[in-house]
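Enquirer: The residues making up each chain are set out below.
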Amino acid sequence: MEASTFDQVLAKFKYPLSKPSRSWWLLMGAMLVLVAFGLVALIQQIVHGHIVTGMRDHVVWGVFIVNFIFFLGIGYSGAILAGIFHLTRLKWTKPIHRIVELFALAGLCVGPIFIFLCIGRLDRIFYIFTYARIQSPITWDVMAIMTNLIFIGTYLYIAHIRDFAKLRDTDVVELPGWKKKLYAKLALGYEGRPRQVEHLNRAQNILAATIIPTAILADSLLAWLFGMSLRPGWHSTLFAPEFILVAIFSGVALLIVMMWIYRRQYQLKDLFTDQHFYYLGYALLLLSIGFAYFTFSEYITEWYNVSETHGRWLDKFVDFGEFGIMSLLTIFLAIVVPLIVLIVPRFRTPASITLVSVLVLIGLWLKRYLIIVPTLETPYVPIQDMRMEYLHYQATWVEWALTLAGLALGVIIIMLLNTLAPVVPVADMEHDDEIVVPKPFYETIK
Amino acid sequence: MIKWKIRRQITALPGESLAIKMAPMVGLFFLISIASLFGQDEPQRVYMYLDYLQSNENKYLIAEIKYREDGTFYQIADEEISFWQTTDTSELELGRGKTEKNGKIKLLLDPQKAIWDTSGLADFEARYAGNENFRSAGRSVTIKEIELTLAGTVEDSINTLQISGVEKLAGDSKDIEEVEIGIFVKRLFSDLPIKQGDMEEGSLSIEFPSDLPGDEQGNLLVIARITEHDDFGTVETSQNIQWGVPAKIVRGERPRALWSRAPIWIIFAVSAVFLAAWFHYFLSISKLFNLRKL
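As they're listed, the protein sequences go chains G and B.
Going by the numbering used here, the residue at position 115 of the first sequence is 115; the numbering climbs one at a time, nothing skipped.
Going by the numbering used here, the residue at position 78 of the second sequence is 78; the numbering climbs one at a time, nothing skipped.
Mixed in with the good hints, there may be bad ones.
[Claimed, not checked] Simulated crosslink set (DSS-like; lysine-lysine; CA at most 25 Å straight-line): (1) B:Lys195 / B:Lys106; (2) G:Lys185 / B:Lys287; (3) B:Lys293 / G:Lys181; (4) G:Lys180 / B:Lys293; (5) B:Lys293 / G:Lys179; (6) B:Lys293 / G:Lys185; (7) G:Lys14 / G:Lys94; (8) B:Lys106 / G:Lys94; (9) B:Lys106 / G:Lys181.
No lab work stands behind these hints: they were computed from the structure.
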C-alpha cells in the first residue's frame, strides 16, 4: 500500500478524528437520551426496589440477566476473534481487526452493568470485593469478567499504539493541539524502529494468545454457573461449548453489521469489500449449522426420557401460550433464515448478509431469554401462597428502559473510541504492498 | 331546501307533541350523563377491621382497610391509620403508620402506653381519615387482658401439655372458663393443627402426639392459641419442646452450592489459571516498558 493510498484512507476518517460531524452529534444525542431514560428507570428501581421490575420470588432473573449474557457473549467473542485474527495473520482480516476489538471492549463494559442491576442493594456493591470468597465459583466469575475487561482494554490499547504514533505525526488530518499531545503520550514514543516493532509485536502476540483462552474460560465459567445447578434446562454438559458457539455466532453477526455501517458511513468499499461479507457470511452459515446442532441436541436429550419437572419445562416450548412462538422465532431467525439466505448464491449480497446478521442477533438474544426465563418459571417445589405473578415473568418498562440504555451505552463507548482512532488500523496496513482483498471461495480451492 | 324537507318530515311524525315535551328531559339526562363521565367519582366506602393479637409477651393491634367494587373487596394500600386508646374522659394516640400491600397494618403496643383498667379492660380504636377517593372509617375493640401459659410434662410416658389461663385484674386474677384452645405446631409455611379443647377452671390438659417430626434435635415449636375471641381477641403462647422425632436430614448427593466451598483441587486449578493469565498479561506489559528508548 503506497503512502498516498494510506493517506487517502486516513483522510476518510477526518470526521470524527478532527472533530465530530453533525450526524455523529445527532446519534450521540439520541444515545444520551436513551441513557437518561435508563437513569430515570434506575432511580425508580433504587427508590422503590425490584418491585418495579417483573422479577418476583420464582423468576428472580429476567431481562437483565439475558442482557448480561448477551453483552458478555459479544465481549468474549470479540476477544476470541481479535486474538484469532491477529495470531493467524490472515491479511484480509486486517481492516476488520479494530471493529472486533471495539465491540469486545464495549460488550465487556456494558455486560457487567446488568448484573449490578439484579442486585437489590446497590449500596452494598463493594461487598463483592470486600467480602469476596475465593473458594466460591461466583467470585471466580466476577474475577474472570474483570480479568477479561482489563485484558481486552489493554489489548485494544496495544493495538492502537501504531495508529497513535501515526496520528501524532500525520498532517493528513487536521487535529486539535490537545489531541496531538494526547497521541504523543499514548504512542509511548513509538517511531517504528526495529526494536520497538519487535517489542510491540511481542506484547501484542502474548496478549492475543492470552485473551483467547481467558475469554473461552470466562464464558465457560458463566455457562457452568448455570450447568452446575440442577434446574431443568440448565443442568447440561453442553452448556459451556454452546455458550461459546452462540457468543462467536453473535460476534460474527455484529461484526458484519458494524462493517456494513462503517462501509456506508466512511465509504470504505475498497477496505470492507463484498468478499469480506461473503467470507463472514460463510462463517455465519457454519455457526448457524452448529447452533442448529446444539439446539437439536439440547432438546432431543431432554425430551426423549423426561422427568415430571423437565416435562413441564419442555412443554412450555411447544405451548403457544407460553414460549412456543418465541422458540419458533428463535429457530427461524438464527437457523432457518441464515440457512436459506447464505446457502443460495442468488440471495447472497452484502445487504442481505447484513440483514441476516441483524436477525441472527435478535434470535440469539431471544435464545438467551429462553435459557433463563422458562427454567425459572418451572420450579421443582411449588410453594404456598403462590401467585401467578411469581410464576409468570413479564418485563416492565423499567427493564426495557435499562436494556435500551445499556445498548446505547455500548454505542456511545464505540463512538467515543471512534473519535480517538480510525475504525481501520491504518498504521498496520501502511507497510503492506497492497490492500489484501479476500479472494472468492472458488479461487482459493483452484 | 333538502334540510327543510327533512325537518318537515320529522315534525310530521306521530306523537310529535310528546317528543317535544320530552326533549328537555332527554337533553338534561344526556348532560348529566356526560357530566358524570367527566366529573369526580364519589369517595368509596371503606370497610375497616380491627383485631387484637397477643403473642407471648407482645401485644399487637392489626387494622385492615378494604373497599368494595362490583361485589369484590380490594385492599387499600399505603394509607395512614392511627391507633388510639380511649376512655370515657380521654384518648391517647398509640401510634400510626401506613397500610401494606395487603391493606393491613400491625402495631406493636408499647406496654408503657397501653393501659388496662382495674377491671382488666382496655378500649382500642383505629381511625382512617380518608381522602378524595375513600371515605373516613373507624373501628374499636374492647379487650380483656389475659395471661396464657403453656408447659409440657410427661405423665406415665405420655407427653401432656398443660395450658392455663387467667384474666388479669388489678392486683388480682380470675380463671378463664369455657374458652376454646387450639394446639398447633409451627411448620415451614403454616401452623399444623394438633388438637383443640375447652378450658375449664383456667386449665386444660392435652395429650400430645409422640410421632411428629421435629428438627435434628427433635425440637418442636408448640403453640396454644385462642382464636378471635370476643373478649380476648387472638391470644397465643408458644414454647420450644423437645418432643419431636429427631429428623434425619439426608444431605443431598450433590451438596455443593455455587456460593459454598468448591473442592480444593478446583480452587487450585482456577487460581493457577488466573495466575497464568495474569503472568502473561504482565509479561506483555513488560514489553512496553522503555519502548521510547528502544
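Enquirer: Hey, Lys195 of chain B versus Lys106 of chain B, does the alpha-carbon distance stay inside 25 Å?
Expert: Given pair Lys195 of chain B, Lys106 of chain B is violated - Cα atoms ~28 Å apart, limit 25 Å.
Enquirer: For the pair supplied as a hint, Lys14 of chain G and Lys94 of chain G, confirm whether the alpha-carbon distance does not exceed 25 Å.
Expert: Satisfied, since the Cα-Cα distance of roughly 20 Å is no more than 25 Å.
Enquirer: Taken at face value, is the distance from the CA of Lys293 of chain B to the CA of Lys180 of chain G at most 25 Å?
Expert: Holds, because 20 Å separates the two Cα atoms, which is no more than 25 Å.
Enquirer: Is Lys106 of chain B close enough to Lys94 of chain G, meaning Cα to Cα at most 25 Å?
Expert: This hinted pair is violated, its Cα atoms lying about 69 Å apart.
Enquirer: Would you mind confirming whether the straight-line C-alpha gap from Lys293 of chain B to Lys185 of chain G stays at or under 25 Å?
Expert: Roughly 14 Å between the alpha carbons, so the hint for Lys293 of chain B and Lys185 of chain G holds.
Enquirer: Straight-line Cα separation of Lys293 of chain B and Lys181 of chain G no greater than 25 Å?
Expert: holds (19 Å)
Enquirer: Sort out whether Lys287 of chain B lies within 25 Å of Lys185 of chain G, counting only the CA atoms.
Expert: holds (17 Å)
Enquirer: Has the given pair, Lys293 of chain B with Lys179 of chain G, been kept, meaning a C-alpha gap of at most 25 Å?
Expert: Measuring from Cα to Cα gives roughly 23 Å; hence the hint holds.
Enquirer: For the pair supplied as a hint, Lys106 of chain B and Lys181 of chain G, confirm whether the alpha-carbon distance does not exceed 25 Å.
Expert: violated (67 Å)
Violated hints, listed in ascending order, are 1, 8 and 9; each of the other numbered hints is respected by the structure.
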